[in-house]
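Novice: Read off the chains here:
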Amino acid sequence: MAQARTAIVRTADRSAAERLGSVSTGNALELRGVTKLFGALAAISDVTLSVRPGERRAVLGSNGAGKTTLFNCVTGDFLPTSGTIRLFGEDLTNFPAHERIRRGLRRTYQISLLFGGMTVADNVYLACLGVSRGRFSLLRPRPSDAIVARAHELIEAVHLTRARDTLVSALSYGQQRQLEIALALAGAPRFILFDEPAAGLSPTERSELVAILSGLPDHIGYIIIEHDMDVALRVAESVTMMHNGRVFKEGTPEEIENDAEVQELYLGGGHG
Amino acid sequence: MADVLPTVAPRKSLLALERIPAPVWVLGLLLLAMPAFASNFVLFQIFGWSFILGMIALSLMVLAGYGGMVSLIQMTVAALAGYVVAILGTSGVTQISLGWPWWLYIPLAILIAAVFGTLVGALAVRTEGIYTIMITLAIAAAFFYFTRQNYGIFNGYTGFNNVIPPAWFGVDWRQAVPFYYMTLACAVLSYLAVLWMSRTPFGLALQGVRDNPRRMAALGFSVTAHRIVAYTFASVIAAVGGILLVWQNAQVTPGTAGIPQVIDILVIAVVGGLKRPIGPFIGALIYAILSVFASDILHAIGMSGERFKLVVGLGFLAVVGFSPDGVLGLWDKYQARREANRDPLLGGGR
Amino acid sequence: MSTLHNLSTRHPVGTIVILALVVGFAWLIFAPWPPGLEQVMGRKRVFLNAIFSGVTLGALYFLVASGFTLVFGLMRNVNLAHGSLYLLGGYIGYGVVDATGYWLLAFPVVFVVVGAVGLLLQHQVFRRMEGEELRQTLVTIGISIVLADLMLWYWGGQSYQVLSPQWLSGPITLPFVTGVRPNGQAVYLSYPLVRIAILFAAIVIGLAMWFVLNRSKLGMLIRAGVDDRDILAASGVRIQYVFLAVFAFGAGLAGIAGIIGGTFQSLSPGEDTRFLLASLVVVIVGGMGSIPGAALGAVIIGLAEQIGLVYAPTYSVVFTFLIMAVVLAFRPQGLLGGRR
Ligand SMILES: Nc1ncnc2c1ncn2[C@@H]1O[C@H](COP(=O)(O)OP(=O)(O)OP(=O)(O)O)[C@@H](O)[C@H]1O
Ligand SMILES: [Mg+2]
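Protein chains in written order, with our numbering: chain A, 35 to 306; chain B, 5 to 354; chain C, 678 to 1017.
Bound conformation, chain A alone (with noise of 0.2 Å):
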């Protein structure tokens, strides 16, 4: 286990993220009063949402409820229509995309957001550059490279090896799943936002993905959207509903199961 957790996030970068961990207080994900409008309509409103570092969360929730646009105002895909975004105490809700992802937030997408036309060892090459200085380096990378050194590391941690030269077109859904994974763990994430990662994946692709989530170091933590309460129970300590975009209920997994409102929504009609 040991092994699996240094082979995917390593210790040096572990120091860094709790040196840069302990500099703030209080929580990791802070969410006060998110609005998102798309026109007339409120994808998300009023979310208030407080995640502890390290804490793992799955957030449940019917087609529509906004749980992947929650994510994108998290992410800074878009900006929120109001309200107030912190990660570690800082308030990033007017920063741009990649400064949020500098300061250790990562995501995957529910819809893989691949660079189909390049190999995965350039997809995930290009994941750790994109957090680390050199990005506009001219020189070439050398096998070397402390980059693509950690590159193969990652490509080895979801099982990608065999494919590394493959273009990402050529790949199977299952394994690019794996790779969006791949391309969210790059660098030193502190907090990682998983959208539906076990979505239309078989059993067996299932528990790899069981076992690298809980894999991961402590100090990570992360939010996994869910439909399949089995997988989230597994991953998550604590889980939020959402509902017509707004947090409808928060608690254990067994206080979300046994909560008699939750069952009627998700077994009466929530589906629908």
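Watch out, some of these pointers could steer you wrong.
Footprint (simulated), chain C over chain B, 3 or more residues, beta carbon under 8 Å [as the list claims (entries may be wrong)]: (1) 147 to 154; (2) 263 to 270.
Below 20 Å or equal to it, Euclidean Cα-Cα: the simulated SDA-like pairs (lysine to any residue) are [unchecked claim]: (3) B:K313 - C:G947; (4) B:K313 - B:F297; (5) B:K313 - C:Y831; (6) B:K279 - B:S327; (7) B:K313 - C:W832; (8) B:K279 - A:S203; (9) A:K283 - A:R86; (10) B:K279 - B:N216; (11) B:K313 - C:W830; (12) B:K337 - B:P27; (13) B:K313 - C:D826; (14) C:K894 - C:L921; (15) B:K279 - A:G150; (16) A:K283 - A:D262; (17) B:K313 - C:L829; (18) B:K313 - C:R951; (19) C:K894 - C:G883; (20) A:K283 - A:R66; (21) B:K313 - C:L824; (22) B:K279 - B:Q339; (23) B:K279 - A:L201; (24) A:K283 - A:Q297.
Treat the hints as calculated values from the structure; they're not laboratory data.
Virtual Cβ for every residue (Gly too), placed ideally from N, Cα, C.
Starting from the structure of chain A, add chains B and C with the ligands where the hints point.
Specialist: Here is chains B and C with the ligands on its own, set in the frame of chain A:
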């Protein structure tokens, strides 16, 4: 454990050095030996001009092919570099030209043109996609009208004449053979620079920005910064091309970067092909040959020699209509078909 | 009204500044100038003339640019052959007036002919490259090169002027004081009638477009398409017909503008590029895809050009360019452009 770096074979995608294939050797030798059998006119007017136009079009290829930004400012950047050479160096307009030494005005010309190109880029990348064409074209037009009206610095309508290269090593570089080798060297260098750039972290990131800007931002890249730096890189190449162009014509006027010239660079790059850096040079050679021999060809088919632009326009339309990747695209298709024919699985048909 | 209210509550300082500017400008136009001001700014007549020429030029720019911006907004096609349609319209209009002597007759003829050219382009060329914005735009460049050379071939390099009819020639006296005679009598501005007519026509056409866009079913479709083409495609409307109609209309309008431009300026090779560029700048400043934006941008650019020409001839181009650069830097979507 984690500190043990895996020993890996170089990744093909990023690290493979281009093996130099035989056709490239042949082409290289041919280009080097060209002065042995080509006339001065061909060396100076066709090849010299093609290399220059190719470099300016190459700077567009960098932006469009690797960056996904179709910029029409490249010819203007080139002309600005030419103007700076004329203004800071020597020209026939002695009341304006400052007569500084070449080691000062050449770097300054490239620097000023690069700064200008970067500023235009910074404006243009604030909008997306085809807006870039509009904005860069409008700025190019503003530059044209401004140089035509401004007599204090740009000497207005007449521009500068007698702008010639310095006599390095006592050679007259406007003689056909020296000029041929000078432009060939610059063209090859900028070609190699672009090829090199495409496999560097910056080049890879630029292609990532082209393919998927949203994901690039989510990986920590500043999409805007990469685009702007691409303009800087491209502007340097365009500037060198611009200086050579001014030396070739021995003059620079507002018409050097008039709207037709600005559009011609786009035509050259598109006709040659924007996918690889060799495309612009192919396009430039076709353009140079066509424009030099157009009147002969047109007379031969019974038309007036003035209809050169009509031929260029129709040719451009044909390329855009039938082979959007230009001549390079045709070549690739031909190669692919040969491959397919050789492949036993696909049968020996067609 | 409510937007005005919003504006004044949200940006009180900005609103005051704008109001002050508007009042000051109105005073400059309507009041007789005191001698001190005449010393600084020159004769009032010169100033008023610059303003009027600017607005008239703006009207012409608007006619050209509104078709351009509509096509752009709906089809995401930067039609770089738009200037060619302008020049073509002008030449054909010249031919009609020259042959028949009826100025007004040129308008329907040109509108139909150039509109048909637009129809042909959309139907035969752009429809085949749907969704490939860049390729469509490149095609328009090719077409503009070909059309420019064909027109040069047929009409030659000389310049033409369309004759304005008798009833529109001569000056008209406008109720704007340019100065006061020593005997206390006010002198009023006199200005070519034909230019006033053009201004009037542009306003009528602009209003008509606004009404069609905002009050008719077709207009609703077009606006929906400008905002979100997927919605339009999904609504089951034969989107191709809407595209055809808009392209033909935009082309026809450019053609008509060609007659007008040929009447109060002149027609020659190169005018196509000039008006294409004017359209680009107008649309960049006003906001891409927006008709009111085109109107605002056209007036701003027209005024900047004419005022620049009178007060700083060397730098008039720089004014235009500066306006564009400032807009791009602070409001890349243009003054009245919506979100992209
Ligand atoms: N870019 C957008 N423009 C307009 N509406 C949007 C946009 N993105 C999301 N929406 C709308 O916002 C609402 C919430 O969408 P969101 O994607 O956040 O839901 P979700 O909870 O992730 O659903 P799913 O389980 O299907 O992924 C939906 O009604 C959706 O149509
Ligand atoms: Mg979702």
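Novice: Against this structure, judge whether each hint is valid.
Specialist: Structure-based check of all given hints:
no.	hint	result
1	147 to 154	holds (count 4)
2	263 to 270	holds (count 3)
3	B:K313 - C:G947	holds (14 Å)
4	B:K313 - B:F297	holds (13 Å)
5	B:K313 - C:Y831	holds (14 Å)
6	B:K279 - B:S327	holds (12 Å)
7	B:K313 - C:W832	holds (16 Å)
8	B:K279 - A:S203	holds (19 Å)
9	A:K283 - A:R86	holds (17 Å)
10	B:K279 - B:N216	holds (17 Å)
11	B:K313 - C:W830	holds (11 Å)
12	B:K337 - B:P27	holds (18 Å)
13	B:K313 - C:D826	holds (6 Å)
14	C:K894 - C:L921	holds (16 Å)
15	B:K279 - A:G150	holds (16 Å)
16	A:K283 - A:D262	holds (17 Å)
17	B:K313 - C:L829	holds (10 Å)
18	B:K313 - C:R951	holds (18 Å)
19	C:K894 - C:G883	holds (18 Å)
20	A:K283 - A:R66	holds (16 Å)
21	B:K313 - C:L824	holds (10 Å)
22	B:K279 - B:Q339	holds (15 Å)
23	B:K279 - A:L201	holds (18 Å)
24	A:K283 - A:Q297	holds (12 Å)
When the structure is compared with the earlier hints, no violation turns up for any of them.
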